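Peer 1: Sequence:
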Amino acid sequence: MVASFRQSLDDWLNAVLPAELYFRTSHAGDTAYLEPGFAERVRALPQVARADFLRSGRILLDPSRPPLVLI
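Going by our numbering, the sequence shown opens with residue 1, and the numbers climb by one from there.
Treat the hints loosely; a few may be bogus.
[Unchecked claim] Distance windows between CB atoms, simulated: (1) LEU34 <-> VAL2: 39 to 45 Å; (2) ASP10 <-> PHE38: 30 to 36 Å; (3) PHE38 <-> LEU61: 28 to 34 Å; (4) GLU20 <-> LEU60: 31 to 37 Å.
None of these hints come from the bench; they were simulated from the model.
Predicted model only: the values in this text are computed from it and were never measured.
All C-beta atoms in this analysis are idealised placements derived from N, C-alpha and C, irrespective of residue type, glycine included.
Make a model of the complete structure from these sequences and hints.
Peer 2: Shown next, in the form of structure tokens:
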């Protein structure tokens, strides 16, 4: 049963997080930005097959609970 769970978890992680690398600028939320042209320079690297750039934001629905992150 443990092996089955591990395999299921591995399959799920590979489906949800397929990239070899993820990074974020900081925990500054809406105040952190990448410099202009950064995305184009990363995409132009010969080692990079694909690069996607996303913004995320926090939504506070209930002050007594942690905020949600909208991607």
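Peer 1: Would you mind marking each hint as holding or not holding in the structure?
Peer 2: Results for each hint:
1. At roughly 41 Å, the beta carbons of LEU34 and VAL2 sit within the given window of 39 to 45 Å.
2. Here the CB-CB span from ASP10 to PHE38 is close to 32 Å, well matched to the stated 30 to 36 Å.
3. Range check, PHE38 to LEU61: about 32 Å between beta-carbon atoms, so the 28 to 34 Å window is met.
4. Checking the proposed 31 to 37 Å range against GLU20 and LEU60 shows it holds: the Cβ atoms sit about 33 Å from each other.
Every hint from the earlier list agrees with this structure, and none is contradicted.
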